[in-house]
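Asks: So you can see what is in the structure, the chains are spelled out below.
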Amino acid sequence: MTEELEQEAQRLQQDKLVSLGRLAASVSHEINNPLAFVSSNLEVMGQYIERFLILLNAYRGFRKEMSDYASPEVIMPVKKIERDVDADFLLKDIDELVGETCDGVRRIRDIVDSLKRFARVDRGEWEPVDLNGEIEATLRIAAAQIKRKGRLKTELRDIPHVRCYPGQLSQVILNLVINATQAIEDRGEIRVETKCEGDGITVSVSDDGTGIPPDIQARLFEPFFTTKPADQGTGLGLAISKDIIEKHGGSISVESEPGQGSTFTIWLPVEERSQEEGAVTG
Amino acid sequence: MNKEVLVIDKDPNVCSALMRLLRSERLPVTATTSGTEAVKLMGQRQYAVLLCDQQTADQTGLEVMAEAQNLSPQTIKVLMVSQMAEVPGLIRKSPGLKFQVMMKPWSNMGLIETVNHAIKRHHMLLEAEH
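So the protein sequences, as listed, match chains H and W. Going by numbering that gives the first Met the number 0, 219 is the number at position 220 of the first sequence; the sequence numbering is gapless. Going by numbering that gives the first Met the number 0, 88 is the number at position 89 of the second sequence; the sequence numbering is gapless.
So that you can see chain H by itself, here it is in the shape it has in the complex (with noise of 0.2 Å):
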């Protein structure tokens, strides 16, 4: 490719994201009232149901004494009606019902929390951190999900101070440690290391899980591409975390070979840059 058509390639990725992340925005916005009501009248709809169904059962248990005394063509209307609606499988089907709705809304809820981040009104301060500190803080976060999953080892080495958004890389690290004991199986080694390298310093975290198949891993950093089940996996982390890097000036990448492991690397430049520069649009 010439370096035109490169540049030409790179302004229209950007656009791209820009665009995405305002459509994020208005998104998530927009969704954020009804998402409100519909959840909690959800919850209070499913008491309702709790206590229309102590009446009914009530109502029932009245109507079996009564079958006893009543004459037939006062109760067989009622019996049909019963019959008629499908009275048992509603009685039946109702908890089932409100619980999966309940677990829909619940994904829609971290749905709309993922695009809120990825149109990152919470910018945070614009500051030098030690990177280092701000890791073991996010492992400590992560800690007991780690543990499910085998061992940590931290190589954490001397590194300059990094001017970041701290809340933002911490967001990054801990979606990619994650996203690492997703990876793993049964029980195996997560890796966070950091380095100095060229102008700046690398971060990676590794794990000894399934890998990623080629033809996935160039798809990895693609807005809603997910290979997690529909309930466990937005398909943002990877895009909000590409885009968090490339906004700091920074790149991410990633090695994988199925059955062996995967790294992801971050490089993130050291040389001072300006507020503006390190500012997020969109």
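Among the hints, erroneous ones may be present.
Not the full set, but computed from the structure, chain H residues with beta-carbon under 10 Å of chain W [claimed, not checked]:
#	residue
1	S27
2	P33
3	F36
4	S39
5	V43
6	Y47
7	I48
8	E99
9	G103
10	V104
11	R147
Think of the hints as simulated: they come from the structure by calculation, not from any bench. C-beta atoms are modelled at their ideal positions from N, C-alpha and C, and glycine is treated no differently.
Based on these hints, arrange chain W on the given structure of chain H.
Replies: For chain W alone, coordinates are given in the frame of chain H:
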């Protein structure tokens, strides 16, 4: 004991969801979509808690809460926001205004807890004055 809650949100469906939820806790609730209307209501009676979104039909939540502060300083003010990240900016914009923050979407249990706690605080403030 006064447990009156005033809800303000520009979305009428949010208003009725909150009314429903608080009613299930047997709390007396009034709701309106308009900040101006809310201020008028606050002039007529004292509310224990003000549950106000940052967006109302005609004013910002901060504006409504600033007026509430003048009318009834003992009313506990809770601001609903959809992003934690908005909060530092909102606090900077309103020096001297005390309010609690609640995330939207809310969890029903968390919201009820917040409101009950606010009612207690309201009564503590009232007692401290006597």
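Asks: Would the stated hint for F36/H survive a check requiring a Cβ distance to chain W of less than 10 Å?
Replies: holds (4 Å)
Asks: Identify whether the interface hint at E99/H stands, where standing means a beta carbon of chain W within less than 10 Å of its own.
Replies: Where the cut-off is 10 Å and the nearest Cβ of chain W is about 19 Å from E99/H, the hint is violated.
Asks: Does Y47/H meet its interface restraint, that is, does its C-beta lie within less than 10 Å of any C-beta in chain W?
Replies: Interface hint status for Y47/H: holds (9 Å vs cutoff 10 Å).
Asks: Go through the hint on V104/H and say holds or violated, using the shortest Cβ distance to chain W against 10 Å.
Replies: For V104/H, the interface hint holds, since the closest Cβ of chain W sits about 9 Å away, which is under 10 Å.
Asks: Go through the hint on P33/H and say holds or violated, using the shortest Cβ distance to chain W against 10 Å.
Replies: Status holds, d = 7 Å.
Asks: With chain W as the partner, please determine if V43/H meets the hint condition of a C-beta pair closer than 10 Å.
Replies: holds (5 Å)
Asks: Holds or violated: is there a CB of chain W closer than 10 Å to the CB of I48/H?
Replies: violated (13 Å)
Asks: Close enough to count: is the Cβ of S27/H nearer than 10 Å to one in chain W?
Replies: holds (8 Å)
Asks: A closest beta-carbon separation below 10 Å is what the hint needs, so does S39/H meet it against chain W?
Replies: holds (5 Å)
Asks: Taking the least C-beta to C-beta distance, is G103/H closer than 10 Å to chain W?
Replies: It is violated, given that the least Cβ distance between G103/H and chain W is near 14 Å, above 10 Å.
Asks: Is the interface hint for R147/H satisfied, with its Cβ closer than 10 Å to some Cβ of chain W?
Replies: With Cβ-Cβ at 26 Å, over 10 Å, it is violated.
When the structure is compared with the earlier hints, violations turn up for hints 7, 8, 9 and 11 and for no others.
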